[in-house]
Structures are given as structure tokens and as C-alpha cells.
Amino acid sequence: MKLFDALTKVDRRIIYIILLVVVTLPLIFPSAQSVRVMPPVEKFFNAVDSIPPDKALIVDFDYTPQDMPELEPMGIAILRHAFKKRIKVLAVSLYVQPLGLAVRALQQVTEEFNSVATSNADSIIYGRDYVFLGWQVGPVNAMLTMGESIARFYPVDYYGNRTDTLPLMREIKNYRNVGLVTSLSPSDIPKYWVAYAQNRFGVRVSSGITSVSASEFYPYLQTGQFSGMLVGMKGAAEYEEIVEQNLNVKGRRKASESLPSLTYAHLLIIAFIVIGNVGYFLSRRHK
Amino acid sequence: MQRTFPLVLVFVFGILGILPFIIPHPVVQNTNDFLLNVFLKILLAFALVLGLGSLLKVHMDKIKRKRENWQYSWVLIGTFIVTSIIGLFGGVDGSGILPTHIGSFSFDIWTIYNNVEVPLGATMFALLAFFMASAAYRAFRARSFEATLLLISAFIVMIGVLPLGNRISPYIPSFAQWIMDVPNVAGQRGIQFGVALGAMATALKIILGIERSWLGGGGS
Amino acid sequence: MNISLDPWVWIAALLTLAIFSFLYRDNPFYRFAEHMFVGVANGWAVTFYWHNVLMPTLFDPLFRQGQLLLILPFIAGMLYFTRFIPRVSWLVRIPIGISMGYYVGASIPATIQANIIKQAQGTILTTHNFQAWHAGSMGIVWSVILFVGVLCTLSYFYFSREHKGVLGLTSRVGIVFVMIGFGAAFGYTVIARISLLIGRLQFLLGPWLGIIE
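Chains as they are written, first to last, in the working numbering: chain A, 1 to 287; chain B, 1 to 220; chain C, 1 to 213.
Careful: at least some of the hints might be erroneous.
Okay, derived cross-link-like pairs now, SDA-like style, lysine to any residue, Cα gap no bigger than 20 Å in a straight line [to be verified]:
1) B/Lys57 x C/Lys164
2) A/Lys84 x A/Phe281
3) B/Lys62 x C/Ser137
Far from chain A, by Cβ distances over 10 Å, these chain B residues were calculated [to be verified]:
4) Pro20
5) Thr31
6) Trp70
7) Gly78
8) Ser134
Simulated from the structure, these hints should not be mistaken for laboratory data. For glycine and all other residues, C-beta sits at the position ideal for the given N, C-alpha and C.
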């Protein structure tokens, strides 16, 4: 009894140190863990894979530094998928903070592909294979205006080029030329895409979300309003797995590398809860 | 006048927000286009400027009145001014009138974003992992039937999501997926129906001028 | 170990450690870093609001190209600043009313369609919903459980009558569904928080200390 009483009074800084050690060691001594791909991720993959050649994929980069570990690996895996299948990509950011991270992801994947390309046709060329439209103020404004004209809301792209002069944008005018919108966001933005873009203009929407939002987004997956969903770091790892398995696209799999740390940290949290509750019940019975 | 005119504006622009969804006529659509791409864009940009102005005013007041930790307000104001100058005059791509590198040492807006804002923002939220671990140890108790149900559901999902769960048994991740697909959807949908109906009711009350708390105090 | 020599990586690492120092206790390094974050984030926002919005959408067309219609949004935007002048602070209600009115209006049909009608369609017992599970005949069972769960959850939040009798029973069933949902949410929240910590440790151990790739 005294033992459990003592355990419940442990300084919180000791708990922090234990957590830090448990999370750090698997990063220093990595081990491979197999990933089972679940149905929401398969649906997401199929939704991207089935985009016709004359349509584009809109990737909405809406994650901030706070959500980067969960959502950036998703963005990178999606870009690898799209570039491998030569799906045209339009990248946007609906808020100003994610802009830098969008550029990072696009640059990283473009360099990965161009470092092994042997010809112009193999390479990923800006303006031909993808366009980064950047940011303009007003997320709802963007969603509603792009249904009529993408170039109207984004007259210049992120780099200052007139949008209507870019080769890709000559074919992609509005949602009728878009096969799927995928929103990587820690907030309710994917629901806004459904409410404003899908309801009004009929475009398909899929989402990459943080684990915190998973519970409230599943109803949209069940109704088919989302054509697939990636949830958190695990969802990112599953997508990295399915892209590598199906398309033989090799690249650093940051989410998959984090799975051992995630596993041991989870077991630690479960142990904490069990120890805390055992102590609680024993001390209650003692009283 | 001070309260009536804004209420009239809310009503008029509320109707202008609804109409494009139901009337495809070019007059309605063109008006909507002007609102979305010009008028409201500019208003939203000014709203940010207002927000910034309020933030700076709060911190200047703190400095003036020497409130607790007033010295850090200088840090906020100083870094804001420096970053703004670098961004506004150095340009988004570093090609503005202000030079943003000394030799090979660059201090353009991108470098500041990647090496200051990203690590600071990311680490702020990383702290939550520690707080959650501490809370799990000290506070998460199965004090009632409902709390026990919550913890059991959490354990199943936590183990089901991990590759370890699949190694123990492939039924564990399938069961966790079922929990997310069926009972979780049922509970969340019930809650979200209520939220959606409440949001709609509030939206209608705002447009019709029944809900006036946004006007604040004062005025007639 | 291959410690970085890039000064910016060191700056990023020291700022990271300054934030982590809060775990020991509140201290000047943490406060410094916290205030710096707010300052830099707002400076970043100002940059893009000016270059991407205010300059190309307002000042350039209005003052250089002479599009006088833009006087209207310009004046409406300037009214935001009357908030700081007590005598005329009521004028701030005008731009607030305009933007809030439009977005609130636009949200009504969107909310009805996405959050009410479609969600109700997903709940009712139809062949389409049975087959959507891709679970054969079990699809019917899952759909019935979902249907019952949604109704029971709604009955739990019905507070106009005392929860007795049939309503008491359905609300008890409803709370079971809600608790399972919250438990699932908590489980996923644990994943989210640990992921964020892993991300920072990967930076400290990788680009800074060079211990991992």
C-alpha cells in the first residue's frame, strides 16, 4: 500500500524523463516495423490513383509547424504518388503559416525525382507537372471561387508568374478539371472543402488529418463525403507503405521510422494508466 | 442608427451569402465574385492589421505600465519589427531592396521561418506529450462505469493502431477499426447533429438580428 | 556524432531547448522564446498579407491603375481602426457586420447539406448503406447498430424531459456510444502528442547532433 501511495506521489519530472528516454532510444537504435494498411488509407490511395490523366489533384497544404510531424510525411507520400503516376498537381495553402512547409515538401519531392531522372520527360518540371498557387486570404473565398475559375482567385502563383500563362493552368480551369481535392489540415478545413466545394460543385474530397481530429471526421468517411482519410503519423506510415509497395517509389519514410518510438511510448502511457488505477483501487479498498 | 445600420448590413450581406447557392443568374454570381475576390479579401486583410494593432497595443501598454514580465514585451515587439522589415523590404524571395545576406550567412524571411518559427511552434506543442504522460499517471482513473468504458475503448484503439497490435493478433486492429467505424461514428454523429442544428440556428439569429451580442456595448 | 556547424541549426536547437526548459519550471529562457515566437509569426504574416493581398489587390489597382470602385472596400477596411477611437468606435461594427453577415449566410446552405442532410442519409437503413461497409450480411448489423446509436445519442442530449422510462434507457445506451467515441478520441490524442515529441527529437538527434540520419 505504501508502495502504491509513494508511486502516486512521484515527481512529474521523473515521469517526463522516463518518457523522454523511452521515446529517444528507439530513434537512436532503430528497428523495422511492418505496417498493415487499413481500409481508409486504401480508399485514399485508390482515390488518388483513379484520377484521369486529363484532371488534376489539388493538394491543400494547411499544416503548421505544430502539426508537421504528423502531416508532412503524408504530404510527401502523396506528392510521390502523384509525380510517379504523372498526375498533375495544384498545390495551395489556405493560411499563411503553412506556406513555408508547402514549399519544403514540394522542393524535397521534386529533387528526389529529378535526381534520378534521365530526360526532360522523366523530370518534374514546374508549370508543366505541378504549380504552387501559394496563398490568398480567405479559405472560403478560395473554395467557392475555384469552382468557377482557379486563375481568378490566384491570378499569380507563389513565384509571381501569371497563372494563366503556365502550361498546366491552360488545361485546368476549375473543379471540372480536378479529379480530387486532398486537404492536409489539423483543423476543420477538410469539412469546409466538403461543405463548400463538394456540395456546390461536386468535386471529390479526401483528407489527411491529425490524430486528435480522427474521431470527429469518421462520420464524413462513413457517408462517402471523404473519398479516403489518412489519420496521423500511423496513417502517414501506411500511405508511405502502400505507395512504396504499389509504385516502387523509394524515399525516406519519416513516419515509418517513428513507429517504434510511438509503440514504446504507447505502452508506457498504458502502463502509467494501469499503475495509477491499480493504486487507486487498492487505496480505496484499504480505506 | 449605431446599432440598426450594422444589423441591416448583416441581413443584406447574409442574404448575399445565401443567394449564390440557389440563384445561378449572372447578376447574383458576378456580385458574389466581386465580394469574394475583392471586397471581402481586402476586409479580411485589414482585419489582420487590426489584430496586429491590438496585439502591439496590449504589449505597449504592458511596457508603459511596467506590468509583470513587461521586459518580454520588448522581445515580442522587437522581433516583430525586425521580421516585418526583413519580409517587407527584403522580399518574399530575398530580392527586395534590403540585402538579406552577409557573405554566406543569410537572414531572409525563409531562413527565419525555417530556423525560428518552425522549431518554436513545433516544440510548443511537443510539450503536450509530457503533460499528457503526467496526466495519464496521476489523473486518469476509472472512477465510474462510463470512465471505465472510455479507458477500455482508448486501450483497444491505442493497441490496435500500433504494428504491435497486428503482431499479437490481426483481429485487434480490425476491432479497433470497427470501433472507429461504428460506435464512434454513432456517438460523434449524434453530437454533430446537435452542433450543426445549433450553428444553423445561431446563423439565422445573427442574420435576422435576434442575436446581437456581436455588437458589443454602447450605441443606440 | 556529427554536430552541425550551421549557426542557424544551433539557433533552432537552442530555441527548442529553451521551450523544453519549461518542463523543469517557468524560466526567462522559455518566456523569451515564447515571445519571440509570437513576434516572428506575426512578422511572417505581415509580409505575405502585404505582398500577396494588400499590394496587388488594393493599393496597386486603386492608386496606380485608378480603379476607383476599390475606394469602398478601402474605406470599409479602414473603419476597423475606429476601434481605437472611443468616440466613433461603433463604426467598427460596419466591417464586422459585412464580413460576418456574408460568411454566416454562406454557411447556412453548406451546413444544411454537409452536416445535416448527408449525415442523415448516412444513418438511415438503406441498401446503399448496408453495402457501403463491404462486410456482406454483417453490413446490415453494423448499419442497425449505427442507427440505434445515433438515435440513442440524440436522446441523451434531449434535456426537455427527465431521463426516465424509455428515454432513460435510450439515454443510457447513448452515453455508452458517446463514451466509446471519447475513448477512441483519447487513444488517438495520445498518438498525436507523442508524434509531436518524436518530431522534435528527430530534429535534435539528426540535423543538430548528427546522432541519427
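Are the Cα atoms of A/Lys84 and A/Phe281 separated by 20 Å or less? 56 Å, violated
Should the label of B/Trp70 as a non-interface residue stand, given a Cβ cut-off of 10 Å to chain A? 27 Å, holds
Check the non-interface label on B/Gly78: least C-beta distance to chain A beyond 10 Å or not. 21 Å, holds
Would you assess whether B/Thr31, listed as outside the interface, keeps its beta-carbon beyond 10 Å of every beta-carbon in chain A? 13 Å, holds
Minimum Cβ-Cβ distance from B/Pro20 to chain A exceeds 10 Å: 8 Å, violated
Please work out if B/Lys62 and C/Ser137 have their alpha carbons no farther apart than 20 Å. 66 Å, violated
Non-interface claim for B/Ser134: all C-beta distances to chain A beyond 10 Å? 4 Å, violated
Does the structure keep B/Lys57 and C/Lys164 at a Cα separation of 20 Å or less? Outside the cut-off at roughly 55 Å; violated.
When held up to the earlier numbered hints, the structure conflicts with 1, 2, 3, 4, 8 and fits the remainder.
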